[in-house]
Amino acid sequence: SQKIEQNSEALNIQEGKTATLTCNYTNYSPAYLQWYRQDPGRGPVFLLLIRENEKEKRKERLKVTFDTTLKQSLFHITASQPADSATYLCALPSSGGSYIPTFGRGTSLIVHP
Amino acid sequence: GAGVSQTPSNKVTEKGKYVELRCDPISGHTALYWYRQSLGQGPEFLIYFQGTGAADDSGLPNDRFFAVRPEGSVSTLKIQRTERGDSAVYLCASTPQGGGAPETQYFGPGTRLLVL
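Which chain is which? The protein sequence lines are A and B, in order.
Here the first sequence is numbered in my numbering, starting from 17 and rising by one per residue.
Here the second sequence is numbered in my numbering, starting from 416 and rising by one per residue.
Don't read these hints as lab results, they were simulated from the structure.
The beta carbon of each residue, even a glycine, is placed where N, CA and C say it ideally should be.
Just so you know, not all the hints are guaranteed correct.
Derived list of chain A stretches under chain B, where covered just means 3 residues or more per stretch with a C-beta under 8 Å from a C-beta of chain B [to be verified]: (1) 43 to 57; (2) 95 to 102; (3) 115 to 128.
Partial pick of chain A residues on the chain B-facing surface, computed with a CB cut under 10 Å [stated by the list, open to error]: (4) 22; (5) 24; (6) 65.
Listed next, with one range per pair, are the computed distances between beta-carbon atoms [to be verified]: (7) 69(A) with 428(B): 43 to 51 Å; (8) 25(A) with 496(B): 34 to 42 Å; (9) 75(A) with 516(B): 18 to 26 Å; (10) 71(A) with 498(B): 42 to 50 Å.
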């Protein structure tokens, strides 16, 4: 099964700066990787999916990279806002050929005004 | 039209009791997933339904946990003889197809279960 590592410590940044969150995995290289946002007391909400043959994916102020050599994905939020404060989860297929996601523990982002 | 809904939003029960948690997926979504999320952790997979059948129940921790989806829409997660360690948020998600391609998981708000 896949093991996913996300920094358990909260990331505190100032409004307007770029937030960068890391997702590392240790076993097989997945065909794709997803990022979700979770607010307190709510279920995760899908943000972006990046496939193994894509180095980078963008959506508005969000950018995701996927480095299969490093077994790492980086999630960037540019021009961060206090409303971006949430927990961000990465998810990968639980095993080769599976579409059931395994989630990381998530990293809490706090954007200070 | 609406998203995934789950009831109850909160459930407090006593050790040893039986509980049922309900999930209403997005209309027309074939696949339904149950997860359990403990504080500070990501969602942990429990079971996945494709239509009415449980396609993968490998995440159910033991035989006290059972889930059904008799008509291929609403699903109920059943926990017998609850233990304090069962306390967590139980999340439900649905996807249009399930299997065959990566899909966006649409999550409900979860049911917060507290076993005293």
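Now for the hints, and whether the structure bears them out:
1. Coverage of a stretch by a chain is defined here by at least three residues with a beta carbon nearer than 8 Å to that chain's beta carbons; for the stretch 43 to 57 of chain A and chain B the count is 5, and the condition holds.
2. Chain B is given as covering the stretch 95 to 102 of chain A, and this is violated because 0 residues of the stretch bring a CB closer than 8 Å to a CB of that chain, at least three being needed.
3. For the stretch 115 to 128 of chain A, the assignment as covered by chain B holds, since 8 residues bring a beta-carbon within under 8 Å of that chain's beta-carbons and 3 suffice.
4. Look at residue 22(A): its Cβ gets to within about 8 Å of chain B, closer than 10 Å, so that hint holds up.
5. About 7 Å separates the beta-carbon of residue 24(A) from the nearest beta-carbon of chain B, less than 10 Å, and the hint is met.
6. Of the supplied interface hints, the one on residue 65(A) holds, with its beta-carbon coming within about 6 Å of a beta-carbon of chain B, less than 10 Å.
7. Distance hint check for residue 69(A) and residue 428(B): the Cβ-Cβ separation is about 48 Å, which falls inside the suggested range of 43 to 51 Å.
8. Residue 25(A) and residue 496(B) have their C-beta atoms about 37 Å apart, which keeps the hinted 34 to 42 Å range intact.
9. Distance hint check: the CB atoms of residue 75(A) and residue 516(B) are about 19 Å apart, consistent with the given range 18 to 26 Å.
10. Checking the proposed 42 to 50 Å range against residue 71(A) and residue 498(B) shows it holds: the Cβ atoms sit about 46 Å from each other.
Against the hints set out earlier in the document, a violation occurs for number 2 only.
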